[in-house]
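Go ahead and model the full structure; you've got the sequences and the hints to work with.
If you want the building blocks of each chain, they are given just below.
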Amino acid sequence: MFDNILFILSASLTVVGAFSVVLTKNLMHSCVYLLAALFGTAGLYATLGADFLAATQLVVYVGGVVILMLFAVMLTGGDQDKENKFGITKVPSMGNFKTFLAGGVSALVIALVVLRLIANVAKQNPQGELPEFTSSVVAIGTKLVTDHVLAFEISSVLLLGALVGAAVIARPAKRGE
Amino acid sequence: MITLSSYLMISLALFLSGLVVMISRKNIIAILLGIELILNAAALNFVAYTRFVNDNIEGHIMSLFIIVIAAAEAAVGLGIVIRFFQMRESIHIDDAAQLQS
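In the order they appear, the protein sequences are chains A and B. Heads up: the first sequence is residues 1 to 177, going by my numbering. Heads up: the second sequence is residues 178 to 278, going by my numbering.
Hints were generated in silico from the structure; no laboratory data involved. Here a beta-carbon is modelled for each residue, glycine too, at the ideal position from N, C-alpha and C. Warning: the hint list may mix true and false statements.
Unchecked claim - Calculated cross-link-like contacts (lysine to aspartate or glutamate; reagent style EDC-like; alpha-carbon spacing at most 20 angstroms):
id : chain 1 : residue 1 : chain 2 : residue 2
1  : A       : Lys-98    : B       : Asp-271
2  : A       : Lys-143   : A       : Asp-51
3  : A       : Lys-143   : B       : Asp-232
4  : A       : Lys-143   : B       : Glu-235
5  : A       : Lys-98    : B       : Asp-272
6  : A       : Lys-143   : A       : Glu-153
7  : A       : Lys-25    : B       : Asp-271
Stated by the list, open to error - Simulated restraints on C-beta separations:
id : chain 1 : residue 1 : chain 2 : residue 2 : range
8  : A       : Leu-112   : B       : Asn-233   : 18 to 24 angstroms
9  : A       : Val-138   : B       : Glu-266   : 49 to 55 angstroms
10 : A       : Val-149   : B       : Ile-270   : 38 to 44 angstroms
11 : A       : Leu-117   : B       : Ile-212   : 20 to 26 angstroms
12 : A       : Ala-122   : B       : Asp-232   : 17 to 23 angstroms
13 : B       : Gln-263   : A       : Val-137   : 39 to 45 angstroms
14 : A       : Thr-142   : B       : Ile-212   : 27 to 33 angstroms
15 : B       : Ile-212   : A       : Val-105   : 16 to 22 angstroms
16 : B       : Val-230   : A       : Leu-75    : 41 to 47 angstroms
17 : B       : Gln-263   : A       : Ile-154   : 30 to 36 angstroms
18 : A       : Val-109   : B       : Val-230   : 26 to 32 angstroms
The structure is reproduced here in structure tokens:
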């Protein structure tokens, strides 16, 4: 019962947030709706019994990535009423009818293909009863340093490289360049 | 009744939203938002399958790495966006055409 309520709330939050990201014309609102969608995804993780993953989703995405996006939006605000050299759209440039038509058609094609696949899954209908709630933190920690230790170490190197690279790329231009 | 298909439908909705955002927006930051949505859809699929098909936590590990890589990608992508804005005073994707002849 509680699981059903949590599932319905999280699912509607996710879907409404995701569709609002598509439909809004304001980049800042788009970021905030993305936050709603990610929050709903964390709730879905909670209904799936993935407590550690839900917490990580909240900390990394909602607390990190969306804030980073909002800072980037503010730093690159630009001039709201300056036409760019293509003359069609303003600087925020959230797409026009033609691009939405292209996106909608390709989304329709992919939706048909994926729905065909989901129909197969729904026919077999694998379902298990939700097991008793046990924390998955210990199991995940054990897996990370035994079976997946190589991927764990590589991801730490990747994070170091990505952060150093981001700092180097985003630094202000030297004079004379 | 919550089945695997309901999670897959939600994941499909997330993926399609991300796809439409990526194709139709002309703003680099908005395209990065679409990429985040698509990565979330993939991670949700991993967790749903690992819950309903084989009840181990391999999918959790996979989703954890997806989250790590998405964070790294967002940091580098936004660094590139800010640098691009310093050079061109624009974040329109069609302004990034220096390599086009």
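Practice task
Find the hints from earlier in the document that the structure breaks and name them by number, from lowest to highest.
Solution key: The structure conflicts with hint 8 only, although it agrees with all the remaining ones.
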